[in-house]
Amino acid sequence: MRGWAIIAGLVGVASGTCASVQLWLQIDGTKSFDSLVDDRAAYVTAFINGVKNTVPTFDYGVSVFGDRQPADGAQTTCYYDVVGTGNTSDKESKTKAFFEAFESVDDQDAAEDSISTTAYLVSTQYPPDLLANTNKVMVIVTDAAGKAKGEGGDLEGSTALDNPDSCVTCDRSFELVDKTAFQNYLSYFDIALIVITTDDAANYWTDIVKTRGRGGVLLTKGDGSEDAKRVVEGLVQFNCSSTDGGTDGGGKKGGGKTKIIIIALVCTLLVLAILGAAAWWWRKKQAGGGAPKPKAAPKAAAAKKPAAAAAAADEEEEYDEDEEGYDEDEEGYDEDEEGYDEEEEEEV
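Just so we're aligned: the sequence shown equals residues -19 to -1, 1 to 329 in mature numbering (1 follows the signal peptide of the UniProt record, and there is no 0).
Rather than coming from a laboratory, the hints here were simulated on the basis of the structure. Please note that the accuracy of each hint is not assured.
Below, in silico cross-link-like pairs of lysine-lysine (DSSO-like), each with a Cα-Cα straight-line distance of 27 Å or less [to be verified]: (1) Lys191 <-> Lys202; (2) Lys210 <-> Lys12; (3) Lys72 <-> Lys33; (4) Lys191 <-> Lys72; (5) Lys202 <-> Lys72; (6) Lys130 <-> Lys33.
Across the chosen pairs, the derived CB separations fall in these ranges [as the list claims (entries may be wrong)]: (7) Thr179 <-> Ser139: 24 to 32 Å; (8) Asn184 <-> Ala141: 22 to 30 Å; (9) Ser154 <-> Thr179: 55 to 63 Å; (10) Thr38 <-> Lys265: 50 to 58 Å.
Backbone N, C-alpha and C define an ideal beta-carbon position, used for all residues, glycine too.
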């Protein structure tokens, strides 16, 4: 397995900018890790500078985890707060001084507490009032798989810790954190998990990151600057929007410029469609209001029709009167004929 197993879901912001990043670096302090990174001071300094030089708004904290109390009961320290989050002028010098003086926690290899501290860290080092465009990231650097409840690290009869979000214990009479609870803490505080590890432990961490759905797993090169470069690649891929010659959020060079052009074309076509519809509506309105109404002439003709009908009726009435007069003449003619008959009778 090589490179990133998964990285997804980080915040993207406005064009040409990167969201701010709050990162917690938790590095393995066990003896077995010495063979991989023998100079933790150089590794941590190079890693922090590598991220800071690429991500403009960046805050970080650092801690070291070790093995819990060994099975023989010897006392040990399994957790160190190196520096907390918050921008202070002496943070870099404090970090460097701590690791220059640091010696591996012990020579044993008991339950490495890389995840039991999560509840405490996310509760104390990731303020709930962080801005919405801040990516919260936890980076674990280790050569081994984590150990959780039921995975062989618990002592028989151990009990659950009542307040894991306010303290860290190295006492093995308390059971290790449940893996589901570990993932729930990350989800609740919306923290991406990035694990830098070895080939032997990669599958264990990949399963956790896949379940979480936000973060990544990569194989360490044992060099802080080299590991930081690959972490930064993941952060830039999902944390920064595209700039000219940069990435488009999916890792493709110049892709952001193409997206901008496509969006501009779509907007232009939409504006043209709206203008075309408006012009069509205006022409239709003008055509409906300015042209003569086609039924105006038939109305005028209809207005003349009653006058013509009245004149025709008058003519018929006059004609009837003439006919009536003619009938009277005929009646008079009949009277004349009757008188004519009478005259003929007298002559006979």
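Inset, instruction - State the violated hints by number, sorted upward, taking the hints as numbered earlier in the document. - result: Going through the list in order, the structure violates hints 4, 6, 9 and respects the others.
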